[in-house]
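Trainee: Residues per chain, in single letters:
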Amino acid sequence: MTDVFKKFGEKYRYSIVVFKELVKTDFQLRYQGSFLGMAWSVLKPLMLFGVMYVVFVRFLKFTDGTPTFPISLLCGTCLWSFCSEGTSQGLLSIVNRGDLLRKVHFPNYIIVASTTMGSMISLGLGLLVVIVFGFFAHAHYTWRVLLVPFSILQLYCLVLGTALILATLYVYFRDVAHIWEVVLQALFYSIPIIYPLSMVAKSYPVIAKLLLLNPVAQPIMDIRHNLLSPEYVPTVWSSVNSLGEAKASNAWLWLDSWWVSIIPYICTFLILWLGIHLFSKYSQKFAEVL
Amino acid sequence: MTTTDKTESTVEALPNEDAPVVLSVQHVAKSFKLPTEQANGLKMAFLNWTKGIKGYKEQQVLRDITFDVHQGDFFGIVGRNGSGKSTLLKIISKIYKPEKGTVTVKGKLVPFIELGVGFNPELTGRENVYLNGALLGFTHEQIDEMYDDIVRFAELEDFMDQKLKNYSSGMQVRLAFSVAIQAQGDILVLDEVLAVGDEAFQRKCDNFFSDIKKDKTKTVILVTHDMASVKKYCNKAILIKDGEIVVNGNKDDAAGQYTLENLKAEGKEIPAEDAEQGKPEEPEYELGLSETVPVFNIRPAGSPVCTSESGFQFDIEYEYNGDEDFYIPMSVLDVKRGGIPYDCGPAIHLTERGHHVAHFTMPLTYLNSGDYRIIATIRVTETPGNFITWKQVAFTNDKNSCDFAIRNNEKEGKDYALLNDKAMNITLTKLDD
Numbered sequence: 001m002t003d004v005f006k007k008f009g010e011k012y013r014y015s016i017v018v019f020k021e022l023v024k025t026d027f028q029l030r031y032q033g034s035f036l037g038m039a040w041s042v043l044k045p046l047m048l049f050g051v052m053y054v055v056f057v058r059f060l061k062f063t064d065g066t067p068t069f070p071i072s073l074l075c076g077t078c079l080w081s082f083c084s085e086g087t088s089q090g091l092l093s094i095v096n097r098g099d100l101l102r103k104v105h106f107p108n109y110i111i112v113a114s115t116t117m118g119s120m121i122s123l124g125l126g127l128l129v130v131i132v133f134g135f136f137a138h139a140h141y142t143w144r145v146l147l148v149p150f151s152i153l154q155l156y157c158l159v160l161g162t163a164l165i166l167a168t169l170y171v172y173f174r175d176v177a178h179i180w181e182v183v184l185q186a187l188f189y190s191i192p193i194i195y196p197l198s199m200v201a202k203s204y205p206v207i208a209k210l211l212l213l214n215p216v217a218q219p220i221m222d223i224r225h226n227l228l229s230p231e232y233v234p235t236v237w238s239s240v241n242s243l244g245e246a247k248a249s250n251a252w253l254w255l256d257s258w259w260v261s262i263i264p265y266i267c268t269f270l271i272l273w274l275g276i277h278l279f280s281k282y283s284q285k286f287a288e289v290l
Numbered sequence: 001m002t003t004t005d006k007t008e009s010t011v012e013a014l015p016n017e018d019a020p021v022v023l024s025v026q027h028v029a030k031s032f033k034l035p036t037e038q039a040n041g042l043k044m045a046f047l048n049w050t051k052g053i054k055g056y057k058e059q060q061v062l063r064d065i066t067f068d069v070h071q072g073d074f075f076g077i078v079g080r081n082g083s084g085k086s087t088l089l090k091i092i093s094k095i096y097k098p099e100k101g102t103v104t105v106k107g108k109l110v111p112f113i114e115l116g117v118g119f120n121p122e123l124t125g126r127e128n129v130y131l132n133g134a135l136l137g138f139t140h141e142q143i144d145e146m147y148d149d150i151v152r153f154a155e156l157e158d159f160m161d162q163k164l165k166n167y168s169s170g171m172q173v174r175l176a177f178s179v180a181i182q183a184q185g186d187i188l189v190l191d192e193v194l195a196v197g198d199e200a201f202q203r204k205c206d207n208f209f210s211d212i213k214k215d216k217t218k219t220v221i222l223v224t225h226d227m228a229s230v231k232k233y234c235n236k237a238i239l240i241k242d243g244e245i246v247v248n249g250n251k252d253d254a255a256g257q258y259t260l261e262n263l264k265a266e267g268k269e270i271p272a273e274d275a276e277q278g279k280p281e282e283p284e285y286e287l288g289l290s291e292t293v294p295v296f297n298i299r300p301a302g303s304p305v306c307t308s309e310s311g312f313q314f315d316i317e318y319e320y321n322g323d324e325d326f327y328i329p330m331s332v333l334d335v336k337r338g339g340i341p342y343d344c345g346p347a348i349h350l351t352e353r354g355h356h357v358a359h360f361t362m363p364l365t366y367l368n369s370g371d372y373r374i375i376a377t378i379r380v381t382e383t384p385g386n387f388i389t390w391k392q393v394a395f396t397n398d399k400n401s402c403d404f405a406i407r408n409n410e411k412e413g414k415d416y417a418l419l420n421d422k423a424m425n426i427t428l429t430k431l432d433d
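Residue numbers (our numbering), protein chains in the order written: chain A, 1 to 290; chain B, 1 to 433.
Warning: the hint list may mix true and false statements.
As the list claims (entries may be wrong) - Calculated lysine to aspartate or glutamate pairs in the DMTMM-like style (CA-CA distance at most 25 Å, straight line):
no., chain 1, residue 1, chain 2, residue 2
1, A, K285, B, E244
2, B, K163, A, E288
3, B, K232, B, D64
4, A, K285, A, D99
5, A, K24, B, D252
6, A, K24, B, D148
7, B, K108, A, E288
8, B, K108, B, E199
9, B, K414, B, E199
10, A, K20, B, E141
11, B, K100, A, D175
12, A, K24, B, D398
13, A, K285, B, D64
14, B, K33, A, D99
15, A, K44, B, E317
Claimed, not checked - If you want the footprint, here are the derived chain B segments under chain A, 3+ residues with CB under 8 Å:
no., stretch
16, 88 to 95
17, 181 to 190
Keep in mind the hints are simulated off the structure, nothing from the lab.
Each residue gets a CB set at the ideal place from its N, CA and C atoms; glycine is no exception.
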């Protein structure tokens with residue numbers, strides 16, 4: 001067994017060395033020149049949460065009345081920050097590192113992977129804050145917390161896959177950056193972060209179920225469900241039964257089948273596969289195009 | 001080129017033929033798509049697609065390049081700007097992918113391309129060294145060990161904690177080069193290192209090159225425009241022209257041919273310019289010529305690249321239709337340093353009128369390597385033998401002058417002054433206590 005690891009380590013030793021150094025560099029550059037430095041990875045989602053909490057929960061009353069809604073909102077903000085930051089930084093990563101690509105040969109997927117890993121570090125810090133705050137905000141920690149790392153891994157795969165696709169496209173079409181900004185905004189509103197899912201489910205149960213099939217929404221909901229409160233945050237797994245009012249129309253009956261829950265996983269896998277495939281196909285030409 | 005030189009270089013190259021091939025380039029071809037229209041967005045891409053415009057034209061940069069580099073070689077690649085040298089280096093370093101053919105590399109290849117490996121201006125010198133080292137495959141601990149050597153060679157001890165954007169370009173190159181050579185690669189790929197850096201650093205590079213040349217386990221591939229360093233360090237060289245290998249193997253041939261290419265190019269450019277400017281007026285005679293002297297030019301009789309021993313042979317073609325006696329003063333210009341090393345004055349006295357070709361030979365015994373130009377005028381004297389009052393009736397313009405180059409096979413590196421030891425020697429006359 002150790003032999004396998006050793007072989008793997010030797011084969012990817014170079015990649016790992018470069019990966020480490022690039023993650024470090026990215027992190028140094030990100031907070032360079034700011035007084036608070038790394039503290040911003042924590043402060044930014046906290047401040048965003050503050051704004052959203054005041055606007056949506058206090059003024060617009062977007063709450064389902066459950067005691068965990070505020071902490072769930074904070075957690076959602078952190079997770080969403082990771083998604084939006086990871087993809088938009090990943091999108092720029094190849095072009096921004098063009099000077100490197102033109103001078104030395106190295107497996108260039110490392111650039112995208114290290115950029116998304118940088119966002120991942122921010123997410124880790126953010127989640128620590130969430131867990132600490134959770135103790136004061138009625139979070140209900142159960143054995144399900146153990147499932148959270150899997151969901152985070154799934155989310156990372158999704159972000160990495162998307163970033164690979166976008167980075168490849170961005171080398172050839174600079175419009176992608178603008179388009180992606182809009183898509184991100186749309187995605188953000190489609191995920192029940194600033195509003196509770198029950199608000200949608202009340203009037204449109206079918207749409208509520210469809211929203212959960214979004215490959216970004218599913219892991220975010222899963223993490224909040226497993227980490228904070230299995231009682232109050234619905235997931236695609238629980239929605240099969242608890243939001244069962246979809247039966248109103250026969251055409252949507254399939255939404256209640258068990259296999260529906262797998263759709264987001266399949267989507268994630270497909271996006272990652274497409275990302276790797278596209279990237280490896282075009283990455284050899286990056287140095288020439290840039 | 002004398003025969004003795006050739007045998008010398010083959011003797012030098014011989015032992016390496018037995019050494020294993022560490023870099024093999026086989027039938028490599030590469031073309032680039034040059035965008036003819038700005039298609040850097042979805043809109044243009046779509047419009048071009050609907051119109052059926054390709055939006056680019058193909059440019060063949062390299063065609064069928066094949067060569068082998070043996071272990072221990074100091075291999076030079078020369079060629080004029082745009083001949084495809086840098087593209088070839090990038091293909092060797094696997095930054096570009098060849099369209100056809102294969103490149104096989106044995107051992108660790110350390111590239112030094114576009115004046116550095118991969119420098120980030122926002123990071124400090126120290127951070128850049130670690131980033132650079134990582135890209136070359138070194139862990140943090142390994143770089144810790146060689147860090148001091150790198151900084152010492154680059155002579156940047158006081159600047160390592162400054163951001164790289166505050167470095168001068170020479171300092172950046174010094175640091176990058178220092179990292180590249182400390183990396184202890186088996187094959188070192190160097191693109192234009194000697195062009196930047198001050199004299200002290202160049203001398204340091206010089207020492208490094210001399211050392212690495214002796215080390216038969218290290219291989220160096222050097223791209224440069226400096227033919228003196230090709231002759232000094234390389235044991236083999238190729239000359240690339242328009243994406244093809246023109247000279248393969250012999251460094252002296254490659255360097256000589258390169259100088260020749262450049263001389264040709266100088267001659268070529270000027271008529272094109274003249275043709276454009278001259279179109280509206282269509283002057284009957286070229287600049288410097290007239291009805292009295294419609295033809296007057298100097299041409300090399302053989303190769304314009306010669307050595308101090310061989311001397312230089314050239315011809316002057318003229319047509320003189322005047323009545324007075326005339327003579328042809330000639331000057332030798334030093335193209336690079338400027339100044340006139342020699343002027344023959346009224347020594348060449350010709351009286352034959354009409355169209356003639358005169359053959360000349362010029363000894364170069366006292367001159368070192370350099371680029372020179374012969375210009376000449378035709379002057380008439382009213383009274384024969386009186387060279388004080390004269391009238392100039394013709395002169396050679398840029399096109400009609402003759403360029404030639406001296407390229408000596410000097411090994412001691414003393415070839416840079418105008419005059420050599422045969423011309424003068426400094427002698428110690430007295431030494432005070």
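Trainee: Does each hint fit the structure? Answer for all of them.
Mentor: Here is how each hint holds up against the structure:
Under the criterion of a C-alpha separation no larger than 25 Å, the hint pairing K285/A with E244/B is consistent with the structure, at around 23 Å. A hinted pair counts as satisfied when its Cα atoms are at most 25 Å apart, and K163/B with E288/A does not qualify at roughly 28 Å. A distance of roughly 28 Å separates the Cα atoms of K232/B and D64/B; the hinted pair therefore is violated under the 25 Å criterion. The straight-line distance between the Cα atoms of K285/A and D99/A is roughly 14 Å, inside the 25 Å bound, and the hint therefore holds.
Taking the CA atoms of K24/A and D252/B, the gap is near 48 Å; set against the 25 Å cutoff, the hint is violated. Of the supplied pair hints, the one linking K24/A and D148/B holds, its CA atoms being roughly 22 Å apart against a limit of 25 Å. A threshold of 25 Å between alpha carbons decides the hint, and for K108/B with E288/A the separation of about 23 Å falls inside it, so the pair holds. Among the hinted pairs, K108/B with E199/B is inconsistent with the structure: their alpha-carbon atoms are about 30 Å apart, more than 25 Å.
As the CA atoms of K414/B and E199/B are separated by approximately 16 Å, the hinted pair is consistent with the 25 Å bound. For a cut-off of 25 Å, the pair hint linking K20/A to E141/B stands: about 13 Å separates their Cα positions. Our distance criterion of 25 Å between C-alpha atoms is broken by K100/B and D175/A, whose separation comes to about 33 Å. Distance hint between K24/A and D398/B is unfulfilled; the C-alpha atoms sit about 58 Å from each other, more than 25 Å.
Proximity of K285/A to D64/B is assessed by CA-CA distance (about 20 Å); at most 25 Å being required, the pair is judged to hold. With a C-alpha separation of about 20 Å, the suggested pairing of K33/B with D99/A holds against the 25 Å cut-off. At most 25 Å may separate the alpha-carbon atoms for a hinted pair to count; K44/A and E317/B exceed this at roughly 82 Å. For the stretch 88 to 95 of chain B, the stated coverage by chain A holds: 4 residues have a C-beta nearer than 8 Å to a C-beta of that chain, and at least 3 were required.
Chain A is given as covering the stretch 181 to 190 of chain B, and this is violated because 0 residues of the stretch bring a CB closer than 8 Å to a CB of that chain, at least three being needed.
Violated hints, in rising order: 2, 3, 5, 8, 11, 12, 15, 17; the structure is consistent with all others.
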